[in-house]
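Protein chains in written order, with my numbering: chain A, 1 to 98; chain B, 1001 to 1134; chain C, 2001 to 2107.
Just so you know, these hints were derived from the structure itself, not from any lab.
All C-beta atoms, glycine included, are put in the ideal place defined by N, C-alpha and C.
One thing to keep in mind: the hints can contain errors.
As the list claims (entries may be wrong) - If the Cβ cut is set under 7 Å, some of the chain B residues that face chain C in the computed set are:
1. Glu1025
2. Leu1028
3. Ala1032
4. Thr1066
5. Ala1069
6. Asp1072
7. Ser1122
8. Lys1123
9. Phe1134
Stated by the list, open to error - Result set (EDC-like, lysine to aspartate or glutamate): computed pairs, CA atoms no more than 16 Å apart in a straight line:
10. C/Lys2066 <-> B/Glu1086
11. C/Lys2066 <-> B/Asp1102
12. A/Lys40 <-> B/Glu1034
13. C/Lys2070 <-> B/Glu1093
14. C/Lys2070 <-> B/Glu1087
15. C/Lys2066 <-> B/Asp1106
16. A/Lys71 <-> B/Asp1104
17. A/Lys60 <-> B/Glu1101
18. C/Lys2066 <-> B/Glu1034
19. B/Lys1061 <-> C/Glu2054
20. B/Lys1061 <-> C/Asp2033
21. A/Lys71 <-> B/Glu1025
22. B/Lys1065 <-> C/Asp2075
23. A/Lys40 <-> B/Glu1074
24. A/Lys71 <-> B/Glu1092
25. B/Lys1065 <-> A/Glu64
26. C/Lys2102 <-> B/Glu1025
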Amino acid sequence: MLHTVNKSSFERNSLQSCLNTIDDTSVILLIEDGVISAAKNNNSSMIADLATQGRVYALKGDVEARGISSKLADNIKLVDYAGFVDLVVEHGTAVSWV
Amino acid sequence: MSTKKFMYLNRRSSFGTVYALESLEVVLIAAAFEQDVSLAFIDDGVYQIVEGQNTDGIGMKNFSKTYHALGDYEINKLYVSAESLEERGLTEEDLMPLVYEDEDDDWEEKPSVKIVSNAELSKIMSEQDVCLSF
Amino acid sequence: MADILGAEVDEEGFLVDLKDWTKEIAEQMAKDDDIELTEEHWDVIDFLREYFEEYQIAPAVRVLTKAIAKRMGKDKGNSKYLYSLFPYGPGKQGCRFAGLPKPTGCI
């Protein structure tokens, strides 16, 4: 499955809810304010393990818009819109944690 | 017209919701009425003034540039929560170097941004006539 | 929808899409207001466009006046001079000719 999270983990618990229910093969794509969780900060530990497994993606345009390109946490994979589509195709059912 | 002390509390990042842009518009309008305006950036609001924002990839207006005009509007009290910065792995160096020209000091360029603790911010808020949260 | 030389404008005559702007459109807008654009007008229009490019807003009149004074001297950076060029307001009319939106806070 593909889980997209579009809220900041500092403001909402969407990322935590997603993490609470995610299985071993699913991946997470951070978009919009969700990309704040892709930056190195006090909440980085939430997704550190998943990122090490190569299962955390962030949408490039949203990362750049927030000026955090140089502050990404380790092992976050950046994708553009075409990459977003590929993820949807590859991982089947998508869940949006809005 | 009597002058009041207005503080705008900015709590959200720029592009996920419309709050940041709405706040900025209201701030500019209040300044046009020559009020004593100050801004506070707390929680994800600190991302509003992070240096190097580029919106080409999301097709939205890059209004981070507009914060550089605040000095022209005599808005030169921008308080940033130290705790909020730290939680997000950010420092003062990651913020845009926003400045104003001091009329009383031969138009010397001075920084508008001041990093304060939440305790200091609480005191500054208590001195305001109006606090608006966005 | 109304248009000027094919470019769409809103009910107050401001360009809907900034990218449509040309010098000819500015001249046509001025002509419709019975103004012949001179070099002095263009100085202000060019300044407004540069200001918008840099800050993404149309400046309030007070800010515009101060900025013009700094750039071109006090004899031009005063509201009497600017209103003599743009009788309907250097902010409102000037920004319209420059293809910018109405200044924030301008009623």
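Verification of the hints:
no.: 1; hint: Glu1025; verdict: holds (6 Å)
no.: 2; hint: Leu1028; verdict: holds (5 Å)
no.: 3; hint: Ala1032; verdict: holds (4 Å)
no.: 4; hint: Thr1066; verdict: holds (5 Å)
no.: 5; hint: Ala1069; verdict: holds (4 Å)
no.: 6; hint: Asp1072; verdict: holds (5 Å)
no.: 7; hint: Ser1122; verdict: violated (30 Å)
no.: 8; hint: Lys1123; verdict: violated (30 Å)
no.: 9; hint: Phe1134; verdict: violated (16 Å)
no.: 10; hint: C/Lys2066 <-> B/Glu1086; verdict: violated (38 Å)
no.: 11; hint: C/Lys2066 <-> B/Asp1102; verdict: holds (13 Å)
no.: 12; hint: A/Lys40 <-> B/Glu1034; verdict: violated (40 Å)
no.: 13; hint: C/Lys2070 <-> B/Glu1093; verdict: violated (30 Å)
no.: 14; hint: C/Lys2070 <-> B/Glu1087; verdict: violated (41 Å)
no.: 15; hint: C/Lys2066 <-> B/Asp1106; verdict: holds (15 Å)
no.: 16; hint: A/Lys71 <-> B/Asp1104; verdict: violated (39 Å)
no.: 17; hint: A/Lys60 <-> B/Glu1101; verdict: violated (36 Å)
no.: 18; hint: C/Lys2066 <-> B/Glu1034; verdict: holds (15 Å)
no.: 19; hint: B/Lys1061 <-> C/Glu2054; verdict: holds (12 Å)
no.: 20; hint: B/Lys1061 <-> C/Asp2033; verdict: violated (31 Å)
no.: 21; hint: A/Lys71 <-> B/Glu1025; verdict: violated (29 Å)
no.: 22; hint: B/Lys1065 <-> C/Asp2075; verdict: violated (29 Å)
no.: 23; hint: A/Lys40 <-> B/Glu1074; verdict: violated (34 Å)
no.: 24; hint: A/Lys71 <-> B/Glu1092; verdict: holds (14 Å)
no.: 25; hint: B/Lys1065 <-> A/Glu64; verdict: holds (15 Å)
no.: 26; hint: C/Lys2102 <-> B/Glu1025; verdict: holds (12 Å)
Against the hints set out earlier in the document, violations occur for numbers 7, 8, 9, 10, 12, 13, 14, 16, 17, 20, 21, 22 and 23.
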